[in-house]
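Protein chains: 2
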Amino acid sequence: MITLDDVHAAAARLEGVAHRTPVLRSRTLDARTGASVHLKAECLQRGGAFKFRGAYSMISTLAEDARRRGVVAYSSGNHAQAVAIASGLLGSHATILMPADTPPAKMEATRGYGAEVVTYDRYTQDREALGAALAEERGGLALVPPYEHPAVMAGQGTATLELLDEVPDLDLLLVPVGGGGLIAGSATAAKALRPGVRVVGVEPEAGDDTRRSLAAGERVRIETPRTIADGQQADIPGRLTFEVNRRLVDAIEVVSDPEIVAAMAFLFDRMKLVAEPSGASALAALLAGRIDAGGARVGVIVSGGNVGVARFCELLGR
Amino acid sequence: MITLDDVHAAAARLEGVAHRTPVLRSRTLDARTGASVHLKAECLQRGGAFKFRGAYSMISTLAEDARRRGVVAYSSGNHAQAVAIASGLLGSHATILMPADTPPAKMEATRGYGAEVVTYDRYTQDREALGAALAEERGGLALVPPYEHPAVMAGQGTATLELLDEVPDLDLLLVPVGGGGLIAGSATAAKALRPGVRVVGVEPEAGDDTRRSLAAGERVRIETPRTIADGQQADIPGRLTFEVNRRLVDAIEVVSDPEIVAAMAFLFDRMKLVAEPSGASALAALLAGRIDAGGARVGVIVSGGNVGVARFCELLGR
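Read top to bottom, the protein sequences are chains A and B. Mapping of the first sequence onto our numbering: residues 1 to 318, in sequence order. Mapping of the second sequence onto our numbering: residues 1001 to 1318, in sequence order.
If you're looking for bench data, these hints aren't it; they were derived computationally from the structure. Misleading hints may appear alongside valid ones.
[Unchecked claim] Simulated DEER-style distance windows between Cβ atoms: (1) B:Glu-1223 / A:Arg-27: 38 to 44 Å; (2) A:Pro-99 / B:Arg-1025: 53 to 59 Å; (3) A:Asp-169 / B:Asp-1005: 34 to 40 Å.
[As the list claims (entries may be wrong)] Computed far set for chain A versus chain B, every beta-carbon distance over 12 Å: (4) Thr-61; (5) Gly-217; (6) Ile-222; (7) Ala-288; (8) Arg-297; (9) Asn-306; (10) Glu-314.
Being a predicted model, the structure only gives us computed values, none of them experimental. We treat Cβ as the ideally placed atom computed from N, Cα and C, and that holds for glycine.
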């Protein structure tokens, strides 16, 4: 378990490094939902997603010599860029393992931030074994997990710490759920600072592993979800994140892919924000009426904006 | 002429009403330009553009009875929505004259903010005569011009007041130029607070009426420009704005439509911001190397984000 103190400590490490992302309002959004909605725009975070908070938080806790040896991460997505940026800022060196069929643009972006990309065949090679071999070969690299680490969860929770600093009297907090790190850190901060707040996670319909796990009282594995929300394709909650979330999360709601697309369109048209599908899912639940928020002060985390123009236009189909 | 005091007075009227839009940074942008770049994201302003600042600033100076009689404006663009929102907030009633061939979505958006839309045939009807007749028929409506008014210019300049509040030591300020109100208010604030700052306006190549006018020392009319930057299609600078700008603006640079599109793509990919063509033009000048900013602290106003998804995807052509 992590505590509010851990989130505060992570915030101190991130001070002056992570962007304090803006909290945005819209009268149209309030009118449509009957609520008072506060969007925490983490798509405007460094690297385009909340992931930077967790990666930097964790790498900055490494001892000087470990940091100098370097870090390793598995990711083809936002976590890769987050680790690349964070390690660069901290004078470390990042090796990122990516499936060989990762879109070249994502590899380039990660290299552009100064990381080394090592590819593997996701059908024939075991990435954990590969990562372990690589770590040993290079004299011991620290693994930076995308959510399964106290300093990562605490770092990710700083987004909610900032939101509550600006809007202390939230009634409801909506958070996208993938591996569960963002909501674990967020719920830790929110429940400590505002015990009455309701913390609701949002998953894609096809990827409701956390919802099922909470219902079962234990971690449930599902088939790899088919959804446009590629940041939420976890097939089982993390061990550490689930320990936190089963105690602190009040409910999980699910959204369909078309509901996510509608939220992306709303964010584009009305908020002038680019959100990737995972980033828009929490707002999607609100806009689609999946959550009754009438009269409530609602915080919604727009968790990331890493979607290419081509994919964006394809999804929005216009 | 307006003064810094006018801009401060406008800021006081806008306090708690206009969004204090964020100032965003990007290491990639700094690396690409060799400068330290600060983007003032006015696309996140109410109504999606800086225009709200001017409209609200002006309408709030009207006497109570004038405000109650209502206001009128000519616009098919951002100014229409700005006047609609501002008049609603101030308990006034807005009538907006729009050409009959305005895209229905824009009319709907304006009506959605509570304004009444009156259409006219731009080929056969004289909008000034129509507006005057309408104003008289309704017992005297106050005209809210898009830039030709001291309170409008001063209100628009509050964007730069906020930028300088966060980044007081700017060396260079880049501002999109249409009718010239935003840069007039901005230059007034900037030159008073930071006399050494260089204020550069940016126009589309085809719509360089202000550049030509500054070179000629008097207002020059050009043919209606053909450019994707529909917010910068002015064919002659305003009388009032030109009076300010010929004294305070150091230079005008121009950008091509493809350079504007490249800046829109950069804002989407890297900053997760939606900018309309006019809104991206100042950044375009910087990214295209039209302005030597090496080593400088640069402020850039991203002035608006009102572009539909369909048009956006068409322009970015992917």
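Going through the hints against the structure:
The hinted window of 38 to 44 Å between Glu-1223 of chain B and Arg-27 of chain A holds, with their beta carbons roughly 39 Å apart. Remark: the range hint 53 to 59 Å for Pro-99 of chain A to Arg-1025 of chain B is contradicted by a beta-carbon distance near 32 Å. A hinted range of 34 to 40 Å holds for the C-beta pair Asp-169 of chain A and Asp-1005 of chain B, which are about 37 Å apart. The Cβ of Thr-61 of chain A sits about 23 Å from the closest Cβ of chain B, beyond the 12 Å cut-off, so the non-interface label holds.
For Gly-217 of chain A, the shortest C-beta to C-beta distance to chain B comes to about 38 Å, beyond the 12 Å cut-off, and the non-interface label holds. The beta carbon of Ile-222 of chain A is kept farther than 12 Å from every beta carbon of chain B, the shortest such distance being approximately 30 Å. Distance to chain B confirms Ala-288 of chain A as a non-interface residue, since its nearest Cβ pair spans about 19 Å, more than 12 Å. The beta carbon of Arg-297 of chain A is kept farther than 12 Å from every beta carbon of chain B, the shortest such distance being approximately 18 Å.
Its closest Cβ contact with chain B, about 8 Å, brings Asn-306 of chain A to no more than 12 Å, contrary to its assignment away from the interface. With a cut of 12 Å on Cβ distances, Glu-314 of chain A falls inside the contact zone with chain B, its closest approach being about 9 Å.
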